[in-house]
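Enquirer: As you go down the protein sequences, you meet chains A and B in turn.
If you number the first sequence the way my numbering does, the last residue is 313 and the count never jumps.
If you number the second sequence the way my numbering does, the last residue is 313 and the count never jumps.
Because the hints were derived from the structure by calculation, they are not lab data.
Treat the hints with caution; some may be incorrect.
It does not matter which identical chain is used: a pair holds within one copy or between any two.
[What the hints assert, rightly or not] Below 30 Å or equal to it, Euclidean Cα-Cα: the simulated BS3-like pairs (lysine-lysine) are:
1. Lys116 with Lys290
2. Lys285 with Lys18
3. Lys116 with Lys20
4. Lys285 with Lys132
5. Lys116 with Lys235
6. Lys199 with Lys235
7. Lys301 with Lys144
8. Lys300 with Lys20
9. Lys290 with Lys300
10. Lys250 with Lys132
Number of protein chains: 2
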Amino acid sequence: MTKIISEEKLIEALRQKIKVSPQIVKGIGDDCAVLPYDSENYLLLSTDTLVENTHFLLNFIIPQQLGKKAIESNVSDIAAMNGLPREVLVSLVLPPETSTEFVNLLYEGMLESCKKYNLDLVGGNTTRGEKLVINITITGLVKKELVCYRSGAQVGDLLMVSGPLGGSAVALDLMLNHLPGNYLPHLEPRARLDFSQKYGHFFHALIDISDGLASEIRHICTESKVGAVIEKEKIPLSAEVRRAGQLLKKDPSEYALNGGEDYELLFTIAPQDAPKVPGIIIGKIVEEKEGMMLQERDKKIILSGGYDHFSS
Amino acid sequence: MTKIISEEKLIEALRQKIKVSPQIVKGIGDDCAVLPYDSENYLLLSTDTLVENTHFLLNFIIPQQLGKKAIESNVSDIAAMNGLPREVLVSLVLPPETSTEFVNLLYEGMLESCKKYNLDLVGGNTTRGEKLVINITITGLVKKELVCYRSGAQVGDLLMVSGPLGGSAVALDLMLNHLPGNYLPHLEPRARLDFSQKYGHFFHALIDISDGLASEIRHICTESKVGAVIEKEKIPLSAEVRRAGQLLKKDPSEYALNGGEDYELLFTIAPQDAPKVPGIIIGKIVEEKEGMMLQERDKKIILSGGYDHFSS
């Protein structure tokens, strides 16, 4: 049997097959499913999985942090639709050697993040397996006039991000290389619900940066049937990312473009609205036929890459 | 650190800690979370996980069957609240060696079951891990006047089940012992949505039998603060279960009491309504102080056991 294709191609192939009922506002293909709710709101539904040794290493993260991160990454999916989170379900696959202390501390972290967002933990299940798996399902509501998709980008829009990128990937790299540094962007990322709640009404297209900037730009371009030009030197990098790039002899922008788990927001906006939003302009939306390009001074190259769970 | 306590004790301990907002109709502790929706209905939300080598062995089940079983077990949770299922999210953890053919066949099975129940598959995610994990989240709606909890049993109620039990556990035992027999109850279980849709309005308490009859009776008794007396010889067993019991030298009732994945419904009902429902009476609800008893002819013993994911 042939080896598995990339996650994106797999999902795209499945999307072609899967028909949904007319009342479904949005099925597969965005950060959340968008479902009917009441006259003012849509119901948002999303699920996200953290797998031991794929998304986290138990040597490097304490259970409270892991619990918080699981909730934050799901809140980020609701933020990426301009919604407000409401409830979570928690499914755990626990290895037989797991201690009750570990589970209690994991829940302590989850409940701390739930409290921060006024989220209700309303159910879930626990079962046994060989490796720890944390699956969170989150619900949210979004005002119908505010719901924002990956598909809303328009030619002429500016591309903006809500904050500095690459911090999580750098921290992971430093940890794996046993080098000192600021590990918090990887261990305690924060969803930018504050940002989408305040400025979301300006956005045309919106996505959270969970899999690296390049991959998220590709999602917006594919769904919106547009192209994009990114100016490499405008990608916001923290001093820590620049320092680590030198130390680890890597182009620091690579951490932003092809790293993951920054959970900042990427959005497109009409040029006249950009000054009203305290984000960073990194490029612009162009015609689809112009493709996705990365510009560095006078040089333009094709923007490729982005973390893919099945090709990395 | 101490070894993990049983799933039930763990969940009970967590429930004590977890406070939910007043608008949450029912949080942790039933087959689904029950959430506000509209003037007539509640929103039901549940999640269920199938883990390779815990819930299934890839040598024994084909991917289409696995896909169908994943959906059926979730539909069963909606049936166990008297609801109708609406949408599912599918999260997969796929080992690196997984083929696209496998994933396609798995989805083929899931989509076949979705079609049967008019369910929309609206999202999910795929990620990499060492063992296959299938996590399904399901939504449903239930009429407010029909919602049925584990906690509704009343002293004097009869305890009934919707069909024969133990078939799934027997099939698994036969498969593991390389003995011939009817494997379908294990490989292709069916949710009893038909049954709850037709007769659910008669039920006082309701649960699906996913973890063995003894465990489900305990849930009803604990949540309803009642006791129960089960008549062992009334537990419905198929001819196959009786035959396999002889062959494998086990008390066939044990498969029903302590097996799992039958997905029949267990409910309590007023005696005068029992004749209107084509289920099997297996016992009655008594005062809490009388405990949970298993009666075999003149002998009464304490009913113990039930499959627990962390103690077996």
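Enquirer: Take the hints in turn and mark each one as holding or not.
Expert: The hints, checked one at a time:
no. : hint               : result
1   : Lys116 with Lys290 : neither (46 Å within a copy, 38 Å between copies)
2   : Lys285 with Lys18  : neither (33 Å within a copy, 48 Å between copies)
3   : Lys116 with Lys20  : between (37 Å within a copy, 10 Å between copies)
4   : Lys285 with Lys132 : neither (43 Å within a copy, 42 Å between copies)
5   : Lys116 with Lys235 : neither (36 Å within a copy, 48 Å between copies)
6   : Lys199 with Lys235 : within (23 Å within a copy, 62 Å between copies)
7   : Lys301 with Lys144 : neither (40 Å within a copy, 59 Å between copies)
8   : Lys300 with Lys20  : neither (43 Å within a copy, 56 Å between copies)
9   : Lys290 with Lys300 : within (18 Å within a copy, 81 Å between copies)
10  : Lys250 with Lys132 : neither (33 Å within a copy, 35 Å between copies)
In this structure, the hints that do not hold are numbers 1, 2, 4, 5, 7, 8 and 10, in rising order.
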